[in-house]
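2 protein chains.
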Amino acid sequence: MENKPLILITNDDSITAKGISYLVKAMKPLGEIVVVAPDRPQSGMGHAITIHDPLRLKKSDQFEGIESYTCSGTPVDSVKLAIYEVLNRRPDLIVSGINHGSNAATNILYSGTMSAAIEGAIESIPSIGFSLLDFDKDADFEAAAHYATKISEQVLINGIPKGTCLNVNIPKGKLETLKGTKICRQGKAFWEDSFDKRTDPFGNEYFWLTGNFTILDKGDDTDLAALEKNYVSIVPTQFDMTAHHLIGELNEWDLK
Amino acid sequence: MENKPLILITNDDSITAKGISYLVKAMKPLGEIVVVAPDRPQSGMGHAITIHDPLRLKKSDQFEGIESYTCSGTPVDSVKLAIYEVLNRRPDLIVSGINHGSNAATNILYSGTMSAAIEGAIESIPSIGFSLLDFDKDADFEAAAHYATKISEQVLINGIPKGTCLNVNIPKGKLETLKGTKICRQGKAFWEDSFDKRTDPFGNEYFWLTGNFTILDKGDDTDLAALEKNYVSIVPTQFDMTAHHLIGELNEWDLK
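Chains A and B, in that order, give the protein sequences.
Numbering of the first sequence is given in the working numbering, commencing with residue 1 and proceeding in unit increments.
Numbering of the second sequence is given in the working numbering, commencing with residue 1 and proceeding in unit increments.
Heads up, some of the hints might be wrong.
No copy is singled out in the list; a pair is fine if it fits within one copy or between any two copies.
[Said to hold, decoys possible] Cross-link-like lysine to any residue pairs, in silico, SDA-like; alpha carbons within 25 Å at most:
id: 1; residue 1: 182; residue 2: 90
id: 2; residue 1: 18; residue 2: 189
id: 3; residue 1: 172; residue 2: 210
id: 4; residue 1: 188; residue 2: 240
id: 5; residue 1: 229; residue 2: 92
id: 6; residue 1: 179; residue 2: 228
These aren't lab readings, by the way, just hints derived from the structure by calculation.
Keep in mind it's a predicted model, so treat the numbers as computed, not measured.
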């Protein structure tokens with residue numbers, strides 16, 4: 001008899017976040033689950049790894065009947081520890097999330113949720129990051145969990161090519177208000193940052209990073225456009241960052 | 001009379017690293033310099049930003065006659081603070097490094113040095129990350145600094161298209177042993193991780209992340225191949241992570 005698929009679950013909002021509890025529920029029908037997730041919030045950690053500090057791994061009883069661990073490091077550390085120290089075989093699927101907040105467009109670069117999925121892709125393991133467009137810690141994850149099951153099932157059935165993963169974003173709202181899924185490209189946008197400058201009780205300045213998300217892309221094939229129209233966006237994602245179209249031009253430069 | 005180009009310098013090894021002092025020397029002939037760099041080592045921080053903590057910015061006298069600041073956050077935080085709080089005009093060029101160690105191939109994803117350059121690209125500012133293939137803190141940066149000047153000069157002359165930056169890696173060795181530059185694509189490789197598992201004095205386990213860099217790419221047009229032959233590798237870099245070639249295939253999936 002064949003083994004059930006082994007599914008590794010992680011996130012960046014920490015093991016106690018509401019989003020990951022819905023991802024655990026969403027994966028239960030699909031296979032055997034192991035959770036390895038950060039022990040504290042790691043939003044905005046991008047593809048960070050922990051080099052200068054030792055890592056701790058602790059057994060957790062966060063999810064009844066599910067083998068779970070907390071990791072003292074980043075989401076990418078969690079994936080690495082899971083693959084090389086925790087699991088006794090390679091997982092068939094890595095799912096990350098469900099993130100509290102959007103990882104559409106350029107947000108993918110800053111996202112711990114998506115970096116965990118990209119690390120899976122680097123390891124040639126089918127991987128998906130899920131994010132809900134709602135930062136609220138009590139957000140309603142029902143519709144997001146529904147799509148997490150559906151999309152993960154398709155990945156288990158169809159596979160995805162080595163070196164790729166999926167970036168899935170789900171609009172806020174009840175399931176019946178969502179229009180379905182759209183396969184998209186990553187939209188062009190950036191954060192026009194501003195810093196909230198304050199003075200501490202000792203007279204020293206400090207800054208909080210804030211900003212306005214600024215969309216530069218009018219295309220109707222982007223994740224931003226799909227989400228705007230209440231579709232779940234699915235962006236197939238890879239990690240070759242070469243600007244291939246510039247190789248010819250740069251060869252004309254005077255670099256002798 | 002035209003202003004001299006304004007050049008922002010940052011890194012991920014912290015303002016006291018030997019590599020950044022050589023980058024400051026390398027940029028002196030090219031324009032007006034401002035340094036904003038992390039106050040402690042931030043290797044492996046990827047594209048991390050600081051959301052849950054306030055940021056501190058301090059005037060530094062690290063480089064005589066050069067306006068310099070330390071930032072309590074990551075390399076990407078340093079770039080954001082520089083653009084939005086420190087500089088009184090947009091920089092003409094952002095240079096990051098010179099990193100102690102390679103950022104070729106997949107290492108770009110984990111690299112704080114390159115994330116600073118990519119953040120520049122997101123901000124539509126010409127940006128370059130420089131890395132020397134020598135982790136030693138006393139490494140010889142003479143040849144790397146020579147190429148940093150040469151390549152930065154070409155970027156100031158030719159510009160680079162919005163949304164792109166350069167990932168430059170320099171082999172270890174004296175200038176006369178290097179064969180010149182090669183424009184390359186990002187090589188395929190991954191870290192086959194292993195963890196050095198230890199027990200602390202209190203009987204608790206902890207892990208150090210280690211690993212073997214494993215090359216999956218036999219192409220002679222990669223940064224890895226160029227470096228192997230003692231060329232300086234230049235990879236034009238962009239941040240659209242869409243796997244465009246998969247959009248058609250995913251549209252066939254049963255996601256209704």
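Within, between, both or neither: residue 172, residue 210 at alpha-carbon 25 Å
Answer is within: at 22 Å inside a copy they meet the 25 Å cutoff, but 40 Å across does not.
For residue 229 and residue 92, with the copy left unspecified, which applies at a CA distance of at most 25 Å: within, between, both, or neither?
Neither. Shortest intra-copy (32 Å) and inter-copy (38 Å) distances fail the 25 Å Cα cut-off.
Up to 25 Å between alpha-carbons, please classify residue 188 paired with residue 240: within, between, both or neither.
Both, since 17 Å and 8 Å are each at most 25 Å.
First find the shortest C-alpha distance between residue 18 and residue 189 inside one copy, then the shortest across copies, and answer within, between, both or neither for a cut-off of 25 Å.
neither (28 Å within a copy, 35 Å between copies)
Is the C-alpha distance from residue 182 to residue 90 at most 25 Å within one copy, between copies, in both cases, or in neither?
neither (30 Å within a copy, 37 Å between copies)
25 Å Cα threshold - placement of residue 228 relative to residue 179
within (11 Å within a copy, 51 Å between copies)
Hints 1, 2, 5 from the earlier list are contradicted by this structure; the remaining hints agree with it.
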